[in-house]
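Number of protein chains: 2
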Amino acid sequence: MTEASPAPLAKIEFDARPYIVNPGKRFSLHDRATRDDGGLDKQLGKDAFELLRDRLVDLQENLYAEQKRALLVVLQAMDAGGKDSTLKAVFGPVDPAGCRVKGFKKPNDEELAHDYLWRVHHWLPKRGYIGVFNRSHYEDAVTVAVKSLAPKKVWSRRVGHINDFERMLADEGTTTVKFFLHISKGYQKERLQRRLDRPDKHWKFNVADLDERARWEQYQERYSEVLGQTSHKHAPWYVVPAERRWYRNLLITKVLVDTLEAMDPRPPKADFDPSAIVIE
Amino acid sequence: MTEASPAPLAKIEFDARPYIVNPGKRFSLHDRATRDDGGLDKQLGKDAFELLRDRLVDLQENLYAEQKRALLVVLQAMDAGGKDSTLKAVFGPVDPAGCRVKGFKKPNDEELAHDYLWRVHHWLPKRGYIGVFNRSHYEDAVTVAVKSLAPKKVWSRRVGHINDFERMLADEGTTTVKFFLHISKGYQKERLQRRLDRPDKHWKFNVADLDERARWEQYQERYSEVLGQTSHKHAPWYVVPAERRWYRNLLITKVLVDTLEAMDPRPPKADFDPSAIVIE
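Sequence order for the protein chains is A and B. Going by this note's numbering, the first residue of the first sequence is number 1, and it counts up by one from there. Going by this note's numbering, the first residue of the second sequence is number 1, and it counts up by one from there.
Hints were generated in silico from the structure; no laboratory data involved. Among these hints, one or two may not hold up.
Note that the list lumps identical chains together, so a pair holds whenever it fits in one copy or between two copies.
To be verified - The calculated lysine-lysine pairs, modelled on PhoX-like cross-linking and capped at a C-alpha distance of 25 Å, are:
#, residue 1, residue 2
1, K126, K102
2, K68, K105
3, K153, K126
4, K126, K105
5, K233, K152
6, K88, K105
7, K68, K147
8, K233, K153
Fair warning: this is a prediction, and the values are worked out from it, not measured in the lab.
Hey, can you work out the whole structure from these sequences and the hints?
Listed below in structure tokens is the structure:
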């Protein structure tokens with residue numbers, strides 16, 4: 001143990017595994033906390049987050065140097081769940097040359113003329129890269145179902161397609177890790193109200209969000225089904241209690257570090273003898 | 001029976017089904033003819049081809065007008081199997097605004113940095129279109145195996161990925177039909193020799209084709225495996241005896257017409273009453 005940085009983490013013995021969705025088990029979001037601190041002191045948690053974030057930056061550099069595998073990060077949440085602030089806090093310090101965030105909105109005409117995985121496939125990270133999806137193909141199995149945008153026959157098959165797709169990605173070198181930012185309906189109300197109260201946040205408020213809010217329970221149910229059916233060892237879902245930002249950031253960063261450490265990316269060995277090269 | 005055009009076809013009672021690869025059965029290309037005329041007179045066959053080709057043009061127009069589903073046509077063959085001349089004969093008369101041919105060559109650096117289905121997915125036809133692949137993702141399971149461009153662990157999984165992928169496409173509105181242009185090793189020799197003998201065909205000759213030719217049996221074996229494992233009702237393989245061009249063209253066009261007739265594309269009903277509109 002000659003590395004200095006992991007020590008404070010080891011001391012707090014922080015474990016992300018309780019937040020995973022177990023593959024193959026019936027799953028309900030109702031059983032998961034929206035507010036949690038893992039028994040940690042806030043300041044200690046923030047310190048740990050910073051150390052982990054530095055480690056993430058180093059691991060990303062190794063992934064980039066190795067250029068053999070990719071990491072796909074999927075972020076889903078209800079409105080005001082904190083996706084944007086998570087991206088900023090967790091991926092802000094990562095070298096943007098090797099990490100791309102892609103937000104998916106309502107598909108355009110060209111995208112609708114193809115299968116729903118067409119645009120998603122296009123934006124996948126290539127070898128050496130981290131790709132982060134702010135919303136994703138999961139909306140084609142969740143939102144489409146809740147809002148009846150397609151018949152049940154169509155959306156119910158998509159869970160299978162998505163499992164096949166992520167299996168193929170894993171086989172071909174892309175690891176996937178998925179986060180559902182979990183908040184309560186009451187917390188969403190607070191956050192939406194804040195957007196109304198602060199003129200500098202008005203741009204984030206969308207009247208259509210209230211229609212989605214009215215379908216809260218349907219979304220929770222459909223997300224529960226889909227998360228339960230699409231969490232696998234090679235592409236797990238984590239349900240992140242998202243009402244405490246510092247804990248949310250810590251947990252997500254811990255999962256990313258654990259995932260990348262398991263991938264263990266290594267820069268390629270030099271194909272020259274550096275001691276034999278003289279730079280004049 | 002008031003339609004005049006199908007009559008001569010009915011008379012010759014031409015059936016493409018014997019050329020299909022039966023799903024789930026062990027399959028070997030050795031059991032299939034490379035030279036065949038289906039017991040047809042050549043002139044009658046050519047006449048039938050022209051009628052079918054006209055029918056194909058009409059069906060494509062309906063597919064385009066309907067704008068709901070797509071047809072993917074995959075063409076594979078050994079070198080000098082006749083892919084280019086097939087494309088010209090069969091798809092030449094189809095409206096190019098609704099039919100796109102995409103040839104896949106050796107993947108470039110950007111393509112190699114993604115999974116092998118990435119570039120294929122990108123070029124899929126959108127709703128209303130026919131997309132024709134001159135070579136395809138099947139080379140990632142065949143050529144890569146024969147030439148050991150990746151470990152067996154990697155290429156052997158790809159048959160499963162491809163089945164999943166084509167299943168998803170079928171669920172989402174794209175029908176796939178696949179043709180293997182089947183020739184003998186002796187016929188290939190003749191065709192390659194012809195490229196050497198005729199200066200105007202030299203551009204089609206590639207010395208590397210001789211390396212591929214040296215692996216003839218390995219290719220036949222691997223194609224046999226892959227065709228047998230990836231032929232399904234929603235995405236069947238047809239093994240086309242390709243040494244007689246007129247018969248090859250007739251057979252492929254017949255399959256395309258049968259496939260599109262089963263899809264039965266219909267232009268949308270007008271959302272206006274044409275008799276109520278006066279153009280002054």
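We went through each hint and held it up to the structure:
Within a single copy, K126 and K102 get their C-alpha atoms as close as 13 Å, and across copies as close as 23 Å, so both meet the 25 Å cut-off. For the identical chains of this complex, K68 and K105 are inter-copy neighbours only, at 22 Å across copies versus 30 Å inside a copy, given an alpha-carbon limit of 25 Å. For a Cα distance limit of 25 Å, the shortest separation of K153 from K126 across copies, 21 Å, qualifies, whereas the shortest one inside one copy, 33 Å, does not. When the C-alpha separation of K126 and K105 is checked against a cutoff of 25 Å, the pair qualifies both within a copy, at 22 Å, and between copies, at 20 Å.
Proximity of K233 and K152 under a CA criterion of 25 Å is satisfied inter-copy only: 23 Å between copies versus 28 Å inside one chain copy. Taking CA atoms no more than 25 Å apart as the test, K88 paired with K105 passes inside one copy only; the shortest distance there is 19 Å, against 40 Å between copies. With identical chains, the CA atoms of K68 and K147 are at most 25 Å apart between copies only, with a shortest distance of 21 Å across copies and 40 Å within one. Taking the shortest Cα distances, K233 and K153 sit within 25 Å of each other only across copies (19 Å), while inside one copy they are farther apart (27 Å).
Consistency with the previously given hints is maintained throughout, with no hint failing.
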